[in-house]
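The residues making up each chain are set out below.
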Amino acid sequence: MSDKPEKLIADDGLRLDGRRADEIRPMKIEIGVLSRADGSCYLEWGRNKILVGVFGPREAHPRRSQRADSAVIRYRYNMASFSVEDRARPGPSRRSIEISKVSREAFEPVIMAEMFPKTAIDIFVEVLQADAGTRTAAINASSIALADAGIPMKGLITSCAFGKVDGQIVLDLNKEEDNYGEADFPVAMTQDGEITLVQMDGHLTPEEIKKGMELVKKGCKEILEIQQAVLRKKFETPVDEIPEVATGAEKEGGKEEAVPASELAPEVVVEEAFEEAEELGAEISEEPSEADILSSEVVPDFEEELEEDIELEEDIEEEFETEEEFEAEEEEFEEEALEEEAEFEAESEEDLEEDLEEDLGEELEEEEFEEEALEEEAEFEASFEGTPELKEFEEIEARLEKETASREAEEEIELGSETEEPSEEETSSEEEAEVEEEVEVEEEAEVEETTASEEAIEPEREAESEAETTEVSTEEAEAEEPEEEKSEGPWKVVKDPSEAGTRGEKDE
Amino acid sequence: MSEIIATLKKDYIYSLMVKEKRQDGRGFKEFRDLKLETNVISKAEGSAKVTLGNTQVLVGVKLQTGTPFPDSQDEGVIITNLELNPIASPEFEPGPPREEAIEMARVVDRGIRESGAIDIKKLCITVGESVWIVFIDIHILNDDGNIIDASCLAAIAALMTTVVPNEQQGLGENVPLAMKEMPVGITLAKIGSKLMVDPSLDEEAVCETKLTIVSSSDGSVAGMQKMGPAPLTEAELFEAIDLAIEKATEIRELYLEGLAKSE
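These protein sequence lines map, in sequence, to chains A and B.
The opening position of the first sequence corresponds to residue -8 in my numbering, with each subsequent residue numbered one higher.
The opening position of the second sequence corresponds to residue 20 in my numbering, with each subsequent residue numbered one higher.
The reader is advised that the hints may include incorrect statements.
[Stated by the list, open to error] In the EDC-like style, the derived pairs of lysine to aspartate or glutamate whose C-alpha atoms are separated by at most 20 Å in a straight line are: (1) B:K28 <-> B:D163; (2) A:K208 <-> B:E253; (3) A:K212 <-> B:E253.
Hints were generated in silico from the structure; no laboratory data involved.
The whole structure should be built from the sequences, with the hints applied where relevant.
Here is the structure:
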């Protein structure tokens, strides 16, 4: 162990590693580095090297650890014996048990565990190389890994420490500063700045703590931006790839129904829709608010996302019932994707029955919106006639229109007697459903944009029109369902991209 | 540790909270009856028992000689252990310490260590070879809430009455353990939007999160730990720090300064 350097902060205000008091160490993040884990992340922060794997939601063992009303979250912080100067004894130490506990609690406010009763969500942290601030680094990495695993979260957690070195309050201590500094104060917070982890040791006055908290907020904001950028990079699909995806999926037929839709990261969809919008200026301008937003706010910035988060959190409780339905459908979908088509049909018939039963109550309201939505759809389909690169659509479009008509008819029948099945149509229309899905994705992207514009009516309409498609065919509804969830705040980043990831991989 | 609590009781505590009241009639800044006894175990080098309402905590301090850590060759060693004895609650089971026990022990330990309560340089017998190791063993005898504050107080009181057994090792006369600081830990429970000191067992069970703040006599903070799943706002954090420092000063004056003088 080296002796204490004479000064940890030079006279010109630079620290030993050349940083200023309010700067964090350079951070590098990689996502999806482990193939067997549901989500993973490798993070380097200064000389820290952290690897995180997330498993689950999966059955909780032992059974007595299960919770009837929510998932159990398990967090295991483990230091590799070679990660520190003097070999650490392998296995849990009192320190690592404590860190595991407070880190788990740091995530409990954001993980939507109530969506997965009786399951466990395991977060395994391996500290490969330690250089002060491993718990904060591990939390930052876990946040990404959870997003990668598609665990629904209300937002990302970011973590950063401040400390006191040579009497000065500085951000993100390195090893020397941690060893010889006077205080260490790790904090983890949500995107809205709510504190989910606080620990402290050392000697600080209340004024110093206030000053340090300001630094931490700045640090966490920077880290959040890094985390978001990394997630975008992984889950965004470049714009020019979208037509390829569409044609590819069409050729391959019905086997990968959901893949194209879910591969489209929401931001990309927005951009694509924006391009279309320019061509289709006439139609769009009928609704000036939409056009305004499309031209001004293509990529929402950090603060807007925060606002959306708050809105989302409020909405979540209202929409909870619907989410449960989606959850159920989601599971069904994954099973189905692996099964033979015949089985698939049989199952989706059952699903349809269930859906219809559930939806019947809401149907009266929805019928009002049906017409509106269908008109809109037709408008959109029509608008593609002009665009040269979408010739494939033209062929199908005609069929689609018939489809829509026949569906309307069928729906009426269904409403009369629940037992009637549109199974024949389902098989024959798989291809079309897919394409139609594309169309709708783009349509939704626009609605999505309007959502951001704080218009109250638009999101409602979107929700309703989707609820309507749920009835039309189960399969389509399932493909649709990630889109619905995409429409708001942090889920854009968190839930869907990973859906895309896992589904894409598994289906292939 | 969170005992199953009836929804009715939870609603009751919350409805009281809205009216600025507590189950046992205390104010939000009011402790339960606190009693401190020292030198309760003559075999130990130092000991203290704290009774806080019905919560009872006993701390014994033992000193042994041993080798120092390689990175602090001229310093004594402090080892803090907390046992959630099965005698204290039907919730506690025998066996290896659970994470709550480890966490609380480490919070108490950090408070004592980081505030510089013990002059560990004076515990050095031969540099690099032999130092005194101070074992602080915390026994929870009855858990009726807020065992951590009781443990912090009992631990510092026990240390203040500890005698270094030099005679036993042939190192001259026995001397009192050199103390420099009197850290006091105060735990605040967040129930709804309110922070209250000294949570009872029921309040602990329904509270969203707890925050323990250990502060020194100069009004600085030596240790802090948030325990529990719910988040805190920054304003709540600062409010908690001010409240904890205020209460810690009160308790230090009432219970510990008398001990310091009697030595």
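Here is what the structure says about each hint:
1. Distance check on the hinted pair: B:K28 and B:D163 sit about 16 Å apart at the alpha-carbon level, within 20 Å; holds.
2. As the CA atoms of A:K208 and B:E253 are separated by approximately 10 Å, the hinted pair is consistent with the 20 Å bound.
3. A distance of roughly 15 Å separates the Cα atoms of A:K212 and B:E253; the hinted pair therefore holds under the 20 Å criterion.
The earlier numbered hints are all upheld by this structure, with none contradicted.
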